[in-house]
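*Asks:* In case you want the letters, here they are:
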Amino acid sequence: MTMREKIEAAMTRYPDARSAIMPALVIAQEEHGYLPHEVLEDVADILGVERIWVYELATFYTLFHTEPVGLFHLQLCDNVSCMLRGSETLLKHMEDALGIEKGGTTPDGLFTLSTVECLGACEMAPMMQVGDDFHGDLDAERIDQLLDRLRATAAQPASADLAANAQPAE
Amino acid sequence: MFDRVLLKNIDTPDNCRIDAYEATGGYRALAKALSEYGPDEVIELVKDSNLRGRGGAGFPAGLKWSFVPKQSDKPKYLCCNADESEPGTFKDRILMERDPHQLIEGMAITAFAIGAETAYIYIRGEFVLAIRALEKAIAEANAKGYLGERILGADFNLVIHIHSGAGAYICGEESAMLDSMEGKRAQPRLKPPFPAVEGLYGSPTVINNVETLACVPHIVLRGADWFREIGPEKSPGPKLYCLSGQVQKPGLYELPMGISLRELVEDHAGGPLSGRKIKAVIPGGVSAPLIPESGLDVAMDFDSLAAVGSMLGSAGVIVIDDSTCMVKITLRIIAFFNEESCGKCTPCREGLDWAVKVLRRIEAGEGAPSDLDQLKDLYGAIYGNSFCALGDGAAMGLRAALDHFEDEFVAHIETGQCPFH
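Going down the list, the protein sequences come from chains A and B. With our numbering, the residue at position 42 of the first sequence is 42, and numbering never jumps. One gets our numbering by counting positions in the second sequence from 1 and adding 170 to each.
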């Protein structure tokens, strides 16, 4: 299905097109990796809603990115339960391993490193989300293994193209 | 040994599949409700059970349902609050990932009781596994006639949609959730009108937490008396407790409501980490004021925790040991609320930002004695002065930390450094 078809399918779930803005933004972000202005305008046009309504949501909810992010978005929880199990040390470890600070993206466009609020998986603290997956009971060694696995995945031809697109704008 | 109810199937292989769920008695409660009861009788049954909302507020579920007007020209809606974002809480995620049909069945019975033909599950966008499990479960239930039109031959139709959130704690507040579902920035609404009368799209709407809805099939099958006999009379039923932090065995535990916090932490979760001592426990997610070690004999139910100035909340139990600085923990909690404040009410938006600045300088060893008075003043300015409970939760957490651990704040100020570094 095209992006338009997916968004039109989402609209059928609600009596009001405005309700479909959030699902439409999820669909658009999956398609484009992030949500630049022209994509937000497309979404508004497909839904037939005010552009300002779409901008409002894209800038309110933290899962929507109006700037590019790396191919792998490392989202380390640093809320209380993870903090009590050592998330601060892990953040430092990842900053050193990747050569970037929290909030940054590696120059090759592979990794963006963020800290996030509680992800509702405190039984596996300290934990982080990468893409769709939760990784728990982390320590420095497990993080290194995970970064190696992700780098190997990125070396696959299809992923390399995506990473090139995800590079920060000059 | 307590016979698990809500988690009885989570270790069953393939339990996400509808045939496995049916094999353990799944959807029998829906069939019973549709064939033996009318909608009002289901509401009476749940009222009799004294099931109280598991999202945190503890409001009686049957009573909430009874507020939905019987005669209304508008469609009625059921919304499942699956926006589990209270730090320290992970029960709903596990229920949805591991036993999605239990929730679907509970929603179908609830929708029948209130007369809703459309239901939404508002789920955190981060819960990708749970979303996939629910999508599959809804498709299976539709194919088997547990959802759709003329469900099990009865005069009852229901469609369930998933609405994925996008990372905003405030959406767990039910009226902010409704704004979010209507495609707006999530901000709480002034109540009344309450959602049961004027909710989603201005229509009568019931909003229940995942765990609350998951209790419903069991009450229908086993009766209100059975439910009421588990745990304390005024706060009964099986309860999910989320254990995390500095404890031997973090994890999800199902035990009767009213178990002592000490038994939960020391016996079930194995007590403190090796060589450490427990200093304090947050009993119900970070909105619930902490309880010092000396208070751990409190019973884990709505009324007992309220009586000691805390709350059951989401039953996210976070254990803090003697290696941890309470100023640092307090700063982290208030910084969370400051980050997640939707910005609608000035006392919450500005007060929390100010409190973070004061706490940050105390933690850095740059605080002044007047900072403690400043924090107490901020408590008074924030508490009770906002639309929703976000600011109140933050203020109460701040207050409890100062009440029980003022000596640690004073030590930072007097010595100009953190004693734990």
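Worth flagging that the hints you see were computed from the coordinates, not collected in a lab. All figures in this text were calculated on a predicted structure; none of them were measured in a lab. Be careful, since some hints might not be right.
Said to hold, decoys possible - The calculated lysine-lysine pairs, modelled on DSS-like cross-linking and capped at a C-alpha distance of 25 Å, are:
{"no.": "1", "chain 1": "B", "residue 1": "Lys527", "chain 2": "A", "residue 2": "Lys102"}
{"no.": "2", "chain 1": "B", "residue 1": "Lys361", "chain 2": "B", "residue 2": "Lys178"}
{"no.": "3", "chain 1": "B", "residue 1": "Lys306", "chain 2": "A", "residue 2": "Lys6"}
{"no.": "4", "chain 1": "B", "residue 1": "Lys514", "chain 2": "A", "residue 2": "Lys6"}
{"no.": "5", "chain 1": "B", "residue 1": "Lys361", "chain 2": "B", "residue 2": "Lys217"}
{"no.": "6", "chain 1": "B", "residue 1": "Lys178", "chain 2": "B", "residue 2": "Lys419"}
{"no.": "7", "chain 1": "B", "residue 1": "Lys527", "chain 2": "A", "residue 2": "Lys92"}
{"no.": "8", "chain 1": "B", "residue 1": "Lys306", "chain 2": "B", "residue 2": "Lys178"}
{"no.": "9", "chain 1": "B", "residue 1": "Lys498", "chain 2": "B", "residue 2": "Lys527"}
{"no.": "10", "chain 1": "B", "residue 1": "Lys514", "chain 2": "A", "residue 2": "Lys102"}
{"no.": "11", "chain 1": "A", "residue 1": "Lys92", "chain 2": "B", "residue 2": "Lys306"}
{"no.": "12", "chain 1": "B", "residue 1": "Lys447", "chain 2": "B", "residue 2": "Lys498"}
What the hints assert, rightly or not - Which stretches of chain B does chain A cover? Using the computed rule of at least three CB atoms under 8 Å from a CB of chain A, they are:
{"no.": "13", "stretch": "330–341"}
{"no.": "14", "stretch": "350–359"}
{"no.": "15", "stretch": "463–477"}
Even glycine gets a Cβ: it sits at the ideal position worked out from N, Cα and C.
*Asks:* Each hint needs a verdict: does it hold in this structure or not?
*Replies:* Structure-based check of each hint:
1. B:Lys527 / A:Lys102: holds, 20 Å
2. B:Lys361 / B:Lys178: Violated, at roughly 38 Å.
3. B:Lys306 / A:Lys6: holds, 18 Å
4. B:Lys514 / A:Lys6: violated, 33 Å
5. B:Lys361 / B:Lys217: Status holds; Cα separation ~23 Å.
6. B:Lys178 / B:Lys419: holds, 20 Å
7. B:Lys527 / A:Lys92: At roughly 23 Å apart (the allowed maximum being 25 Å), Lys92 (chain A) and Lys527 (chain B) satisfy the hint.
8. B:Lys306 / B:Lys178: holds, 21 Å
9. B:Lys498 / B:Lys527: Given pair Lys498 (chain B), Lys527 (chain B) holds - Cα atoms ~13 Å apart, limit 25 Å.
10. B:Lys514 / A:Lys102: violated, 28 Å
11. A:Lys92 / B:Lys306: Since the Cα atoms of Lys92 (chain A) and Lys306 (chain B) sit roughly 39 Å apart, the hinted pair is violated (cutoff 25 Å).
12. B:Lys447 / B:Lys498: Measuring from Cα to Cα gives roughly 18 Å; hence the hint holds.
13. 330–341: holds (count 8)
14. 350–359: holds (count 7)
15. 463–477: Per the Cβ count (0), the hint is violated.
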